[in-house]
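In order, the protein sequence lines correspond to chains A and B.
So that you can map any letter, position 78 of the first sequence is 92 in my numbering, and since no number is skipped, the others follow by simple counting.
So that you can map any letter, position 465 of the second sequence is 525 in my numbering, and since no number is skipped, the others follow by simple counting.
Hints in this document: simulated from the structure, not taken from any laboratory.
Model, not experiment: these values are computed from the prediction.
Check the hints yourself; a few may be wrong.
Computed beta-carbon distance windows for the label pairs [stated by the list, open to error]:
1) A:V32 x B:Y69: 24 to 34 Å
2) B:I271 x A:K53: 37 to 47 Å
3) B:A209 x A:N21: 25 to 35 Å
Facing chain B, from chain A, some residues (calculated, C-beta under 7 Å) [said to hold, decoys possible]:
4) R23
5) I28
6) M31
7) V35
8) K41
Every residue gets a Cβ at the ideal spot worked out from N, C-alpha and C, and that includes glycine.
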Amino acid sequence: MANTLKNTRTFVIIGIMVLIVIIYIGKLFSLQVVDNQYKTSASSNVLRYVTQYPVRGLIYDRDKELMVYNEAAYDLMVIPRQLEEFDTTELCDILDISKEFAAERLNKAKAYSVYKPSIFLKQVSAKTYAELQEKMYKFPGFFTQTRTLREYPASVAAHVVGYVGEVNEQVVKNNSYYKSGDYIGISGIERSYEKELRGEKGVNVYMVDVHNRIKGTYNDGELDKDAVPGKNLTLTLDMELQAYGEKLMHNKKGSIVAIEPATGEILCMVSAPSYDPALLSGRPRTKNYRKLQNDTLKPLFNRALQAQYPPGSTFKPINALIGLEEGVVNVNTEYSCNYGYHVGNFSVGCHGHPSPLDFIESIQYSCNAYYCNVYRNILDHASDAGISTNYTNWRKKVRSFGYGKKLDIDFPFELKGSIPEASYFENLYKGAWNSLNIVSMAIGQGEILVTPLQMANFSAVIANRGYYMIPHLVKEIQGEADIEPKYKAKRYSDVDQKHFEPVVEGMYRVVHGDKGSTARNARVDSLEICGKTGTAENPHGEDHSIFIAFAPKDDPKIAISVYVENGSYGATYAAPIASFMIEKYLKGSVSRTWYENYILKANLLDGAKKD
Amino acid sequence: MVQRKINIYKDIDWFTVILYLILVIMGWLNIYAAVYNEEHSSIFDLTQRYGKQLLWIVASIGIIIAIMLLDSKFYAFFAYPFYLFVILLLIAVLLFGTEVNASRSWFTIGSFRVQPGEFAKFATALALARFMSAFNFKIHKLKNLLSIAAIIIVPAALILLQNDTGSALVYATFIIVLFREGLSSAVMLLGLFAAILFIMSLTMPLHYILIFILIVTASVAFIHFHDKKQVIKGVFFFLMVFALIYLINTLFFSYDISWLIIATALAFSVLLGIRALVYRYYYLFFIVGIGLGSIAFTYSVDYFFDNVLEKHQRSRINHLLGIESDPLGAGYNVNQSKIAIGSGGLSGKGFLRGTQTKYDFVPEQSTDFIFCTVGEEWGFLGTSVVLLLFLTLLVRLIILAERQRSSFSRIYGYAVVSILFFHIAINTGMTIGLAPVIGIPLPFFSYGGSSLWAFTALLFVFLRIDASRRELLR
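Just chain A, same shape as in the assembly (with noise of 0.2 Å):
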């Protein structure tokens, strides 16, 4: 009885025993196999991804001189958990820094997380990290972080190379490339070319303890991944023609646009006023660029592309092409000219010059009323289909040429300017318009509105007779073939090649004509410039001096647009401009250096800013 009583007992225990194994290995079969968030959990507790940020890309202008490089800097980082007591003074003191500020950034840390590095002070520069370097024992708990800041040695084409920054929080919600405190290109080919520059940031994954403190890499760095250095890139910036034309368009508002017409290529891309490159790189740059927007020129505005001006007579060579396809006029139609173009009470004025003129005149003396009559034909003759087609027509034509349409250079916020669409008119004139209303179109002005890039575009494709290459700032990319080949392709105008040669005639006729052709001023020996003044009406000033040209007339190599903002006639500054470019470019320097020192020294910003 007893023996059978304690042998059930005894499995009474064994048994005990094996359902709590079975128990705990159900259990251990649940947590190890089963769930999968004790995994994602270990993996969040022990690993810490350190990011290794790569060099940016370096620029370069044609000839391979340095444009934009990197300058390390270095962000002091501090892990609060690690500090020990220190010299709060003497770290100011190396820093430059109020105690105040110093603990205002301890508590921040602090606040954030006291044991993941934070940044102390952004950006120390080399010779205070040199400083700071020796005396970094004696404060534990601070490091330094390397990180790069951009440097100009040239301090020239601010708007071309545009600025780098930190990631705002949108592009970081939308780009899972960008964690926050990186940085970016903001503006200019930073921005555009902001994909190649940056390069691709590699990380390295650590073991943390749970201190944070680092035990050695991850698997023996399978995960690690090191960062790709930055494509550098090879801008078609004339580097010299640039710093030239900056010093040209000092103290004077407006834009010089120069393109390389059989390639596209942008030699250079002023827009006046500019400021020094510098002063948005680094730390100083939020309270740099808070003074440059409430600059009331506007240093910050990229004219070249963003500045939306009336051509004014640079825009009669156009229509004088379309005048030619649409057979409405040739090279030997005259019209006569009584100081200017009157229809009843209707006129347009014009200054004195020989008249009747013929078609190769007409662009030499600038005559309104000849283009007036000119855009009148093509608007009523061209067809009979009315003067919303005829006009639609020539709309489709004069954007042809690149106007009233972006032209899709590689660099961002390009304005397409406005040549309205037919329907613009329509509702404007309640249907009933006719070739009067509009003839001010005719010279440049009314409702056209165009962009130096543009203006210089449009010299181009005559220079070329025909066609234009989509122009554009980069030349080469560091490891790439070639550039996007939209930039190879010839874009030909929707006017036939043949009826160029007259028109590029009248416009080497407006530098090298006789007595009254209208920029003679922009005559430089030995060289074919062809050129077209332009003067634009402004309702809130003085007119603005425009000047297109291109030269040698054959085998042109450069073609430019000069816009001086109150500059008064095209001839006044904007030619003479055009001419020292062209002749800087294509001489290595200007001859008539009296003329030169006379442009350099005139100030147009004072009589701007009282308006």
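Fit chain B to the known structure of chain A by using the hints.
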């Protein structure tokens, strides 16, 4: 009596010895993995825990040899002196010991520390076996029960005074020995009832527990009395009295409903007591005793919980019972331990490739939480194998215990099984959230000389006795 010459080498249970060796080696490998760092990769580095543990292991082999050389009767003979010696040590450690982690349970000798509490289990097992194997021993004699209770409770109480609650709780495991030796199932059920009450009193409002006690008491009465009608009448009467008191209370007073139940129960008990005396039906006292005892127990649990237990022990129990959930506070250890074990997956991350245990996410990873390292580096396969090895050891020891001819060696064998079982179940259970976190080591695995030596001695004394089982012819 005829004595037979025995050959230890031949008669020792090699199966158990090999299991022991496997477990000790596995334990050492896991300690190595838990504290491994590349600067100290030599396994003999005595500044590191695995170096020291290796030293303890070598010393354990010395202890084993010593145990084997001694006569098997030595242990029964010296059980009481040894027990007394350990009790004195436990008192001494309270007076002169070193405090580690808020527990005053260590003697410091040179650079080593010894924990007498670890050996107290061993001594208690011997003393218990000696006492219960006495000729003509009857377990249900009150005097015997009280003596047994004293043998078990004295060291437990001293250890409790050292602030080492975990080690003190281990002594509850001797109930298994008593069960095996025929302690009435009524006592066992009472124990179970007490355990249920314990948990209920921590998790439920008082009046629910009181109602539960009344129902249990009534059920016991219903089962034991032949006159079932009387019991039903009694319950009915009780409810009537309660309803009356409840009515008076709501009209004139507003005492807590728990007090009403207790008042009714007391009044009813007095009535039953009078009845018992009048009718000389003393079994009623037993019923009343259960009821009132349970109520008293419930209150004392609350008192114990609120006033005796330390805050961290309270919150650990609360956490286990699901009353508190605070993964960064009391639950931190268990949560990190579950993450470590869970991250091991089916087959683990591989030896020395664990990340959770190595980088201090799991506290006490080489001592109390060594099972985490097993779970993380060897996965589900590793943890199952370890648990099954332990189960095999326990079952093997039960088989060995059952084949003993003397009751001393059988009882001692069961004591060994009980102690090992309690440690294994609580230690592994706490790492996976199935048992409260009380700091007791995993036998043969956890880092620590005292615990390894104590478990080694505990086990091999039994193996030594077992090897000589044929010396004694009955």
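So, going through the hints one by one against the coordinates:
1. A:V32 x B:Y69: 24 to 34 Å: For A:V32 and B:Y69 the Cβ distance comes to about 32 Å; the hint holds.
2. B:I271 x A:K53: 37 to 47 Å: Distance hint for B:I271, A:K53 holds at roughly 45 Å.
3. B:A209 x A:N21: 25 to 35 Å: At roughly 27 Å between Cβ atoms, A:N21 and B:A209 fall inside 25 to 35 Å, so the hint holds.
4. R23: Result: holds, 6 Å to nearest chain B Cβ.
5. I28: A:I28 check passes; min Cβ-Cβ to chain B is 6 Å, inside 7 Å.
6. M31: holds (6 Å)
7. V35: Holds, about 5 Å.
8. K41: holds (5 Å)
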